[in-house]
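The task is simple: from the sequences and hints, build the whole structure.
Residue numbering for the sequence shown follows the working numbering, starting at 1284 and increasing by one per position.
Note that these hints are calculated values from the structure, not bench results.
Heads up, a few of these hints could be off.
Restraint ranges, calculated between C-beta atoms of paired labels, are given here [as the list claims (entries may be wrong)]:
id: 1; residue 1: Gly-1361; residue 2: Arg-1569; range: 26 to 32 Å
id: 2; residue 1: Ala-1609; residue 2: Thr-1499; range: 19 to 25 Å
id: 3; residue 1: Thr-1498; residue 2: Thr-1608; range: 28 to 34 Å
Beta carbons are placed, not taken as given, at the ideal position from N, Cα and C, and that holds for glycine.
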Amino acid sequence: MRAVVKRDPGEVSSSRVTSVSESGRRMLADLMSAARLYVPDDLGGLLAQRGAALGADNVTVYLVDQEQYLLVPLPAPGVAPPAPVSIEATLAGRCFRQLAQVESNDGREVWVPLLDGLERLGVMQLEFPDSGSRAEGGLLHAFAAAVAEIVVAKDPYGDLFTLVRRREPMSLAGEITWNLMPPLTFGTERAVVSCVLAPAYNVGGDTFDYAFDATTARVALFDAMGHGLHAGLLATVAIASYRQARRTGLNLVATVASVDAAVADAFAGEQFVTALLAELDLATGRLTWHSAGHPFPLLLRDTRVVKTLESDPGLPLGLAAALGTAPRVEHEVLQRGDRLLLYSDGVVEARDSDGDFFGVDRLGDLVSRESAAGQPAPETMRRLMHAILDHQEGTLQDDATTMLLEWKSGGEQRITP
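Spelled out as structure tokens, the structure:
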């Protein structure tokens, strides 16, 4: 979104900087109220006016694309938008990856990250007539935070933000799946969860969910039988029944049984969904989990994979009820800083042109390496998704989903500007 304001680039004094900061504070005080009646397409004019209060000539909002390769500008009426910007090897990309304010050598161009909680939405670019005319950095971050809230609040009421993020047509199954899922990343001081899902535009059977309350983080990863729309419908029933059971207050054993019964009832016991469901006590680190025919999670400690959480797997959801099989849960006590990696079989079974699998070892090594380098969870997941896509030259044979759950790792600090 590029908003242009013509300004006389006169001499800037210290009193001018003070005046800009004061006008910026006044502007931020009522920004959300001013945006209440705006549709997404109207934000260009609003940001033109509000950016000027911070001393900016131009304000451009860039959203991350669906596959997290590019930062794509939002259009504004009457203004030709700039080209999308690569997340790699650009100032904008460094701002997005590192979640830090970045500026050009002359200080006239400033990039600030846009976050919804810990979910990376994109970045905001502000252009100033000179480095001495801009408001203080704290006000720029406060402005970016307010803009991010407006984007999130307005997103359900129009298609602009969604369309900007899409670089290809979305399949019907993909449309269903992306509307099912929560944001890719969420976190508190006690735990962080971050996920990725590919292929972004043709995903069907994979999906994930999570919910945090005062005591517990509940996470789940589902992989429905088949591909395309039918698999998407299977996943829809699984995730809806999972949420219903969770919100009814059922424990993990009862939740597994409830989802199993719902899938069996909806598809007459002829279709199934594999799943990994887990609950983490946020105070003690006690993990309770169940594998319904799903790959076992990896446990990372001190940036290394120390074990696979193995068990006798239960039957896939939709099959157990007919056989009278009761779900069995497993337990593990995490240590402070531990990370749990959940994944679907499409991750490790991805094959390159020579037929070599991506494999569990490569998966663990990549996440270990990024963790050792200090990468935050969402950046680690973004790089993992691209590594999987590169392994299959951009065309996946199956959905590939990964989830990284961190307990008391300080990971939230690495995702906070």
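We went through each hint and held it up to the structure:
no. : hint                             : verdict
1   : Gly-1361 to Arg-1569: 26 to 32 Å : 58 Å, violated
2   : Ala-1609 to Thr-1499: 19 to 25 Å : 22 Å, holds
3   : Thr-1498 to Thr-1608: 28 to 34 Å : 29 Å, holds
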